[in-house]
Structure formats: structure tokens, C-alpha cells
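*Asks:* Just so you know, the sequences run in chain order A and B. Residues 1 to 283 in my numbering are what the first sequence lists, from first letter to last. Residues 284 to 550 in my numbering are what the second sequence lists, from first letter to last.
Hints listed in this document are in silico derivations from the structure and should not be mistaken for laboratory results. Certain hints may be false.
Below 16 Å or equal to it, Euclidean Cα-Cα: the simulated EDC-like pairs (lysine to aspartate or glutamate) are [as the list claims (entries may be wrong)]:
| # | chain 1 | residue 1 | chain 2 | residue 2 |
| --- | --- | --- | --- | --- |
| 1 | B | K497 | A | D132 |
| 2 | A | K112 | A | E92 |
| 3 | B | K497 | B | D528 |
| 4 | B | K430 | B | E514 |
| 5 | A | K78 | B | E472 |
| 6 | B | K459 | A | E169 |
| 7 | B | K323 | B | E387 |
| 8 | A | K74 | B | E472 |
| 9 | A | K250 | A | D205 |
| 10 | A | K213 | A | D27 |
| 11 | A | K213 | A | E32 |
| 12 | A | K74 | A | E60 |
| 13 | A | K219 | A | E20 |
| 14 | A | K17 | A | E60 |
| 15 | A | K119 | A | D132 |
| 16 | A | K219 | A | D25 |
| 17 | A | K213 | A | E31 |
| 18 | A | K250 | A | D206 |
| 19 | A | K119 | A | E102 |
| 20 | A | K78 | B | D470 |
| 21 | B | K481 | A | D206 |
| 22 | A | K74 | B | D470 |
| 23 | A | K61 | A | D25 |
| 24 | B | K459 | A | E92 |
| 25 | A | K219 | A | E237 |
| 26 | A | K213 | A | E187 |
| 27 | A | K112 | B | D470 |
| 28 | B | K459 | A | D168 |
| 29 | A | K219 | A | D27 |
| 30 | A | K163 | A | D25 |
If you only want the chain A side, here are some residues facing chain B, beta carbon under 7 Å, derived [claimed, not checked]:
| # | residue |
| --- | --- |
| 31 | N54 |
| 32 | L56 |
| 33 | V65 |
| 34 | H69 |
| 35 | R81 |
| 36 | Y93 |
| 37 | F96 |
| 38 | F106 |
| 39 | G107 |
| 40 | N110 |
Just so you know, these numbers come straight off a predicted model, no measurement behind them. Just so it is clear, CB atoms sit at the ideal spot from N, CA and C, and this is done for glycine as well.
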Amino acid sequence: MSVVINHLTFAYTQGGKPLEPTLVDLDFTIEEGSFLGIIGHTGSGKSTFVRHLNGLLPCEKGAVVVDGHDLSVKAERKTVRSLVGMVFQYPEYQLFADTVFEDVAFGPRNMKLDEAEVKNRVQNAMTLVGLDPERFSARSPFDLSGGERRRAAIAGVLAMHPKYLVLDEPMAGLDPLGRREILALLEKLRTESGCTIIMISHSMDDIANHATKVLVLEKGRVCMYDTPQNVFARAEELQKIGLSVPAVTKLCIEMNRRGASVPASICTREAFLNWIREEKKHA
Amino acid sequence: MRDITLGQFVAGDSFIHKLDPRTKIGMMILYIVMTFLVKKIYFLAIPFAYLVIELILSGISLRYILNALKPIRFLLIFMFLLNLLFTKGEHVWLDLGFWQLTGEAVLQSCFLAVRIILLVAGASMLTLTTSPIALTDGIERLFAPLKIFHFPAHELAMMMTIALRFVPTLMDESEKIRSAQMSRGADFESGNVFRRVKSMIPILIPLFVSSFRKADELAIAMESRCYHGGEGRTRMHQLKFRLADLLAILITLTFVAVLIVLLVLFK
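Only chain A is shown next, with the shape it has when bound in the complex (with noise of 0.2 Å):
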């Protein structure tokens, strides 16, 4: 199963007229199991684009399947809602109820879980996002600290159990241990219950070090697909459309300006170490 695009164009509409297309052509398939990066100049579309993949923008031209449902068809929102959990920029915002546990339910009660099961299903979410249930179920949601709050607005999300998950810019603003707590919490999510990561990035560092397909939008169309060391190999192209590169290729292209002859694809601190170390055995 997975996220099928398909020649999907999209133009937002001002009086009634359409404007200039968001999205022109979209084509590609998402697999499950992957974690997608998806980078792009502001205005390149991004956000537009995730919106598709619940049906909260309609499919106007080309089509969006999810799992067999085709997005275009009305009935089938319902269902994809509750398969691809959202997480928008600034998720804390979101937030209204009494209490977090309040809130984390909102989601699984619009699915109409059965009590047990809610009560279960959010106690998991918020230990997943590292809220001890014990001491942060009865507080209230604006009593929190920044970080807290837009952890517990990410545990509402994951309640649902999405299979897809799809993240705005979920670290903006955060200090780096937040940072670093969103990130190993997606990688959790991935590895231990193959939930599908989609990820609007602005930061080409966690990119590189997470995804396994990046996604390159310029000015609404597919600018390139591909594994992130393929990607930030075309650094030159990259930054010709104002986006940067991952602090590790930056070494790499500095190097190579100077007389090393490091490998293009080399895009992490790990790969960057094994080819050093690779290097000193042939020397």
C-alpha cells in the first residue's frame, strides 16, 4: 500500500478566478514504510501540497489515492482523515480542551472508539511523546511549557494510530534538545510501527540524516525525487533555487575545492566517518 499522486495540479482561487497553478503536475508515489523529506523555497508549494493528502484541499485536477481510497471521492475523506495523521506548523495552537487528556481523546472520539480504548490509546500517545500519563492527564493544556505543549498537540495526532504520518515543520522554533526528542520520536514511530514519516523540512541536516526519499519542490513542481545522498549531490542545482545543503556536503565541496576527491553522496556524519576511515585503511 501506498500514496499514489497522480498528475495532481492545483490553483487556489481569489473571486472566483483561479490564480497561478500551487502545484502543476505532480506525479509520484510515496512507498510506505519511507520517511519523506520534502524541502522547497517558501511558496514552493509545500504546504499546499501536504493538504492534499487528507482531502483538506480538494483534488481538483489529477487524483490522490491513499491506500486504494481515492481522495476526489467525498466519502472516502472520512476514512483517509483517520489513516493520515496531520501535524501542522505551530501544532500547540491547536489546542482547546480542559485538560491534555481531554484533548489527546479529540481524535480517537471523532473515530468513535469505544471508552476503553481511547483511554488506552492516549495513555500510549503521551508516554510515546515522552508526557508521563500520570502527571500531565488531568493538567491543562495552556499551563504547559512551549515544548510540552507542542508535544502533547502531537500525541493528539498520534492517538489516532495513523498509518501516514504527515509533519509541517513540526521542530520551528524548538531548542535543540526539542529538536533532537521530535526526531528520535519519528524514527520510533517508523522503525517500531512502520508508520509512513512525511516531513516539511527547512533544516537540510535532518533531512539528510532521516529521510530515506527527499522531495525537492520549485515553484510547485517536482524539482527532483530521490534518495537524500542522490539529492545533495546536485548541490550546485539546489542552491541555484535558494535552498542549502547539509553542513557535511558543505565540508565535502570545501574539501574537494582544495584536492580531496570525496564522494559526491557523501550527505551524513556517519557516511562522512566511514569514508575517512575507509580512506586511512588504503593509505
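Starting from the known structure of chain A, arrange chain B on it as the hints suggest.
*Replies:* Here is chain B on its own, set in the frame of chain A:
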């Protein structure tokens, strides 16, 4: 949601657009007085003529006026029918036994409907040709003399400006929160009225929380830039009362005078 535009201001460069907002507010008040002075449908021709002249001078397309009338169409139909049903008269046009259609009823219904149309169209002429900011500036200046009675004219205008400024922002915000809650399976479209009202809670609470946060941030930002109320504050765009404004007011007053003379003559 995206298509909603508040304040239907249409930017332009016409004689009407360039008038001082205070003049335009004054003109509108006089215009409303005119429509209320009239008790007979044919005298509405005077405010109607005034409106047509204003419309032509402003270069605003009739479409915008019709758009402004759209929201009140049901009210209009309702009022028209109500008056048709309950106005008593002597000239019976149609007798159904239990109810008579009278000439007076038809005339009265038409009169009220036309008067409402003229009022709404006239009021929208003001908002169509004056930007919200200019409008609040004008209101501030008009109320300024009341300051001696401690009337907070500046504060009122500032609050209106800020409120208008934040409408699109809050609109965006509510759309985002709506999307987020819909992604969590919230359903805003089905169920009865009570269910639907209740389903708004997950949108309204975050919206209020974020409004308070924004208000707080804005207050700090304003204080950091030394805002301390209207005392001694100068403005970037000075309102100027020019010859054109005098002319516009005089023309409007002429219309009012003509109407009053006509009303007295044909009483």
C-alpha cells in the same frame, strides 16, 4: 472562507475617492437624512438622483452596489410581502374575501423596499470609496471635539483600526485551526444546530487564546515604539479639507434644500 473580503473598498482615483473622509461621512449622514425625510415614493427620486451622480463620479461599477445589496435580499422580500399583506387601504385592486390587495399596500411596500435599497446602497458608497484606515481617521477627527467631555476619540479610532487590521489575520488563523481539527476527524458539516454549535468549540477556544496572545504581543510592540496614546501624536497622512470638499458639501446641502422645499410645497 478565502474569498471573503471585508470592507469592500475599491481603490480608485476619482473625485469621490479623493474627498476627505470627514466630508464623505458628512455626505452620507445628509443622504440618510434625505431618505428619511421623504414619506412618498416619488420624492425618493431626489436621493436616488444624488446616488446616481455619486456613483457616476466615483467610477464604481454598479456590480459592487448590487453585491452589497445581495445579503439583504431576503429581508427585502420579507418586508415587501409583510407590508403587502398588512397595509390597509381604500383602493381595492383585488378582493379575495379574507384579504384585499390595495393600491396603498403596493405603494407602501414599494416605498419601503426602495428606501432600504437606497440606504444600503448609499452607505456602501462610503465604504466602497473610502479605505478602512481613512474612515477611522475621519471618525477620529470628527469625534475629536468631544475630547473635552473625556470622550476617547483617539482610542476608539485606534481600536477600530487594529480590529480591521486583524480580521484577515484571524481569518487565516481560524482556517488553519479548522484544518487541524478536521485532520483529527472533527466534523463541522453534519448534525443538527446544537451539534454544529458545539463542534465550533475546538475552533473558537484556540482562536480566542491566540487573539489574546496577539493582543499582548501587539501591546508590547506598540509600547516598544513609544506609543502612549493620542496625546501629541502627529500623523503621516494629514487630513486636508480642500475646495473639492467644500463643493461636495455644498452640492449635498443643495439637494437637501431642494428636497425640503419640494416637501413643503407638495404637502
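*Asks:* So, for every hint listed, does it hold in this structure?
*Replies:* Comparing the hints with the structure gives:
1. B:K497 to A:D132: violated (31 Å)
2. A:K112 to A:E92: violated (24 Å)
3. B:K497 to B:D528: The given pair, whose Cα atoms are some 39 Å apart, is violated under the 16 Å limit.
4. B:K430 to B:E514: Satisfied, since the Cα-Cα distance of roughly 11 Å is no more than 16 Å.
5. A:K78 to B:E472: holds (12 Å)
6. B:K459 to A:E169: holds (14 Å)
7. B:K323 to B:E387: holds (11 Å)
8. A:K74 to B:E472: holds (13 Å)
9. A:K250 to A:D205: holds (11 Å)
10. A:K213 to A:D27: holds (15 Å)
11. A:K213 to A:E32: Holds - the C-alpha atoms of E32 of chain A and K213 of chain A are around 12 Å apart, at most 16 Å.
12. A:K74 to A:E60: Status holds; Cα separation ~12 Å.
13. A:K219 to A:E20: holds (10 Å)
14. A:K17 to A:E60: holds (14 Å)
15. A:K119 to A:D132: holds (14 Å)
16. A:K219 to A:D25: Distance of about 11 Å is within 16 Å: holds.
17. A:K213 to A:E31: holds (9 Å)
18. A:K250 to A:D206: Given that 16 Å is the threshold and the Cα spacing comes to 14 Å, the pair holds.
19. A:K119 to A:E102: Judged against 16 Å, a Cα distance of about 10 Å means the pair holds.
20. A:K78 to B:D470: holds (9 Å)
21. B:K481 to A:D206: Between K481 of chain B and D206 of chain A the Cα gap is close to 40 Å, so the pair fails against 16 Å, i.e. violated.
22. A:K74 to B:D470: holds (13 Å)
23. A:K61 to A:D25: At roughly 9 Å apart (the allowed maximum being 16 Å), D25 of chain A and K61 of chain A satisfy the hint.
24. B:K459 to A:E92: Holds: K459 of chain B and E92 of chain A sit about 12 Å apart, inside 16 Å.
25. A:K219 to A:E237: Between K219 of chain A and E237 of chain A the Cα gap is close to 14 Å, so the pair holds against 16 Å.
26. A:K213 to A:E187: holds (14 Å)
27. A:K112 to B:D470: holds (12 Å)
28. B:K459 to A:D168: OK: K459 of chain B and D168 of chain A at ~12 Å, within 16 Å.
29. A:K219 to A:D27: The hint holds at about 15 Å.
30. A:K163 to A:D25: The given pair, whose Cα atoms are some 25 Å apart, is violated under the 16 Å limit.
31. N54: holds (6 Å)
32. L56: holds (5 Å)
33. V65: violated (18 Å)
34. H69: violated (15 Å)
35. R81: Check passed: Cβ of R81 of chain A comes within 6 Å of chain B, closer than 7 Å.
36. Y93: holds (6 Å)
37. F96: At about 4 Å, which falls below the 7 Å cut-off, the nearest Cβ of chain B leaves the hint on F96 of chain A intact, so it holds.
38. F106: Since chain B brings a Cβ to about 6 Å from F106 of chain A, closer than 7 Å, the hint holds.
39. G107: holds (4 Å)
40. N110: holds (3 Å)
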